[in-house]
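Asks: Read off the chains here:
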Amino acid sequence: MAELHVELVAADRKVWSGAATIVVARTASGDTGIMPGHTPVLSVLETGPVTIRTTDQGTVVAAVHGGFISFADNKLSILAEIAELADEIDVARAERALENAKNEADSHAERRAEVRLLAAGGLKAQH
Amino acid sequence: MGAQLRVYKRRIRSVTATKKITKAMEMISASRIVKAQRAVAASTPYADELTRAVTAVATRSTAKHPLTTENPNASRAAVLLITADRGLAGGYSTNAIKQSLALAARLREEGKEVVTYIVGRKGVGYYGFRNLAVANSWTGFSDKPTYRDAKTVAADLIAAFTAETGGVDELHLVSTEFVSMLTQNAIDARLLPLKLDEVELSDGAPAKNQIFPLYDFEPSAEGVLDALLPRYVESRIYNALLQSAASEHAARRRAMKSATDNAGELIKSLTRLANSARQAEITQEISEIVGGANALADASAGSE
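Chains as they are written, first to last, in this note's numbering: chain A, 108 to 234; chain B, 3 to 306.
Worth flagging that the hints you see were computed from the coordinates, not collected in a lab.
Treat the hints with caution; some may be incorrect.
Claimed, not checked - As a list, the in silico DSSO-like pairs of lysine-lysine whose alpha-carbon atoms are at most 30 Å apart:
1. B:K197 x A:K121
2. B:K146 x A:K121
3. B:K37 x B:K114
4. B:K153 x A:K121
5. B:K259 x B:K22
6. B:K197 x B:K66
7. B:K37 x B:K25
8. B:K259 x B:K100
9. B:K270 x A:K182
10. A:K121 x B:K37
11. B:K11 x B:K22
12. B:K197 x B:K100
13. B:K270 x B:K259
14. B:K66 x B:K146
15. A:K209 x B:K100
16. B:K37 x B:K21
17. B:K11 x B:K197
18. B:K197 x B:K22
19. B:K197 x B:K25
20. B:K22 x B:K146
21. B:K197 x A:K182
Since we're looking at a predicted model, the values are computed, not measured.
Turn these sequences into a full structure, and let the hints guide you.
Replies: Shown next as structure tokens:
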């Protein structure tokens, strides 16, 4: 099966890298799925979950805040200022952050907390 | 014990205590350099990808962006100076401050007004003591900067740069480059307006020599550039902060190593002095006893 190489890089570390069959990310113009052989693309990411289907049928979910993706030569780079894998996310903390953000009516913080919960929840549903 | 000997003993004890402290600081710094270097290495993939993407967009689009447009009659220049929060790091902060003062003098010669931004308590202290104007300063993270810190600093600078009125036309960065454990250089570089021709990858190769695939830009080349350039500035500042942190630890390690060595030397020479003082005391006592005995012997010989 065709596969593409994915590098998920945050500003201060490399979060995940490996082979995948499809990657779905939230870009400025909506959810975009990238499969092997996609045309070279460079687009801006919104705060949202990124779903990577690995070649061994596993799924990697990460919460990504700001950044962009670039795809060329079957190599996909996901660059994010902050990226957290689903199993790194502290659900209790994210829930607290969501609560705080709602109280302070901070829509950006609220969205970030929601995305983190979403990414963490997506992993749980599969277990 | 004689007075002189007691003074020597006391000084030896105090220098030994100092030596223990400097030795501990040296070891702590040595272990932190490794961590700081690792942080620099960990941030390289992001910086390289970002550089590649910025160059790819810039070579494909002809759009003028405020962050890349040169102002022909620039009148105000911002200087961001990165120093340490704590001292005992040899000439680390002083070198960076000197570099920034030299840069400021150069900019003034070109007829530009200099606006200073400072990271690190040492720089703030230097400027504060001399009543030099500082536009903004950040402290508390010089030895372990995070991306969030870099973002806070960059946000302020980009805001000043893009401001319609009262903003700055140029942004210079004074930081310390980590060359090796023994060599760290204070350097200044112009960050904004960005010269895309000079953008380099981490291995020093110019990024524009690469051939880029024909990317589809979403939402548009301009939109992507809009989103990327601030990130690029942040990443440059983040890298400078990390390199400066590594340099700070290296400078501190070296300063503390020479302090430890000097304390060792001092203990050695004080021990010599203490030994000779003790010997002098013994000799004096013996000669006093001998002298006393002789005097007694003479006295009793005379009375007989």
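Asks: Checked against the structure, which of the hints given earlier come out wrong?
Replies: Violated hints: 3, 9, 14, 15, 17, 18 and 19; rest satisfied.
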